[in-house]
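**Q** Residues per chain are reported as follows:
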Amino acid sequence: MFAYCSDPATLESLRWLSCYLTTGKHVNLYYSVVTVLVLLAITAPTALAFGFAGATAARSRFAPLSWLGKGYISVVRGVPDIAFFLFFVIALDQAFEWIRHKVKCPDWTEPVRQGNDFIVCQAAKLPLSESPQWMHETYGFFLAVLTFAIVFGAFAANVLFGAMRAVPRAQIETAEAYGMSPRQSFWRILVPQMWVYALPGLSNLWMVLTKATPLLFLLGVEDIVYWARELGGTALPRFTDYPHGDWRMWYFLVLLVFYLGLTKISEVFLERLMTRLTHGQATTGGEAQRKAAA
Amino acid sequence: MNCWETVQAYAFRSVGFGERLLPKEDFTLCQQFTLIGSGMIWNVYFGALALALGFFLATAVALGKGAQNPLLRKLSEWFIFLFRGSPLFIQFFFAYFAFLSLKQVNPIFDPFTAAWLGALIVLFLNTAAYSGEIFYGALRSIPKGDVEAADAYGFSGWPRFRRIIWPTMLRLAWPAYTNEAIFLFHATTLVFFSAFPAWQQRGDALYYANYFADKTFNPFVPYPILAGYFILLTLCVIGLFGLVNRYLNRHLPQENRGRLKLRMNIIR
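Protein sequence lines correspond, in order, to chains A and B. Going by numbering that gives the first Met the number 0, the first sequence opens with residue 0, and the numbers climb by one from there. Going by numbering that gives the first Met the number 0, the second sequence opens with residue 0, and the numbers climb by one from there.
It should be emphasised that the hints constitute simulated quantities derived from the structure, not laboratory data. No incorrect hints appear here.
With a straight-line cut-off of 30 Å between C-alpha atoms, the simulated DSS-like cross-links for lysine-lysine are:
(1) A/Lys263 / A/Lys24
(2) A/Lys124 / A/Lys101
(3) B/Lys143 / A/Lys290
(4) B/Lys23 / A/Lys124
(5) B/Lys143 / B/Lys73
(6) B/Lys73 / A/Lys263
(7) A/Lys103 / A/Lys124
(8) A/Lys24 / B/Lys102
(9) A/Lys103 / B/Lys214
(10) B/Lys214 / B/Lys23
(11) B/Lys214 / A/Lys101
(12) A/Lys124 / B/Lys214
Restraint ranges, calculated between C-beta atoms of paired labels, are given here:
(13) A/Ala169 / B/Tyr246: 34 to 42 Å
(14) A/Ser59 / B/Ser140: 34 to 42 Å
(15) A/Thr274 / B/Gly15: 53 to 61 Å
(16) A/Cys104 / B/Leu81: 51 to 59 Å
(17) B/Gly15 / A/Asp245: 25 to 33 Å
(18) A/Ala292 / B/Arg139: 21 to 29 Å
(19) B/Gln199 / A/Phe185: 51 to 59 Å
(20) A/Gly178 / B/Ala47: 55 to 63 Å
Even glycine gets a Cβ: it sits at the ideal position worked out from N, Cα and C.
Bound-form chain A, shown alone (with noise of 0.2 Å):
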């Protein structure tokens, strides 16, 4: 990167390790800590939108879909959560592979599972098998968002479940008293008084979402845990400019210490969200910031 690392092993340590720190495969580890971020940013909503839809189906009126909120909560959070991602990744590939099949290949008259093997006809191979290497990466990444969003929904469903019963019975029978429809009193009243309730849930379960974020590792795409691994062993004189021994320990340190400040962070993070949604709520917390500031 810099012009002095043309020969590296002239370089004193300083210099050398400035030179060793951004090299092509460096920036390959940079690129996969901000994959990291982009799941978190991208799966933390997506989680909490199935976990509302989990929610407000398991407090539906209509018994089907009630169960079906439910199932959906309970199943999800009966079985150790890394089954499920090695079971969902394959499971949700061939379900979409198998719609596609159905849809594109009406004439097609094998059986999909010949033993054991699932084959579908060359139109519905997910990615199509000419598409370019950067297609079959984004449709990993879109597996894994999917993948954590179903777990997480779960466990969002159940907190925001919890939060709707939280809020005080009193605010919708007044909402009721005022001729609101129950849509209404739930839009208007419910769901923005019920997110205080779910605070504490929610951040447990962000900081439980980062956390998982390295079984990206587990779901086939190259993560931080992936290059780390790869850079951190022993690199030979032979392949390379900047040979040294097994430094994989210090990889993960440094992963160690990424993971800490990623919690340090959304601790402080959160506590402030919690002080702002806390301003005006009939709780205990709310009731003391209005003394506090009176």
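Mind docking chain B on chain A? Use the hints.
**A** Frame of chain A; chain B shown alone:
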């Protein structure tokens, strides 16, 4: 090979007894049930041992966090933050490679790079941090009257801790601690998916479930089997912890005895 022979061949495969080669083709349901069940031995081993050992460190950490001495307090706080603030997955990787480097220095560290010891240490420290935080919370919510009554009876020091504070702390922490235990058992599935190698294909339940899913390209059989085993294990844990809960609450009037309320696990 009929089913009973399969059970004989593979029931203890995960700990190195029985058939050496894993089934390669024509996978039967029986094989999947047996091998995944065999892998559960490791999950139970890791979970039970880490929990049993971690319990004592957790008590110490909780007391340390509540201590007057600033050094002890900071030390405990940092310990808890370190293990609760970072992913277990990364902790496994770091520990494995750290042990690998130590092995170069001294061959004493040889067994540490194997899962049975290395992963156990990580799980032990991890659960100690999580339960330490739970115990600390319980320690702070011990009713003031209980401690005052103990003082009035002339209890102090160790007897006061042993007879009053500790049992009350456990009683208050127990529901949350049960969740932590369930959680830990689920977390044991990560061991062979982080760096720790499954020597001679002796892995845990998820290792075998993944093996079958990879070979058959059909996730719809092995993972539900795994899920079934884990639901059974979870029910056992709930049952055992429920018995202890009843024992801890035996002095309370009937309607005050809280039933265990359980929130299921999330990844750590």
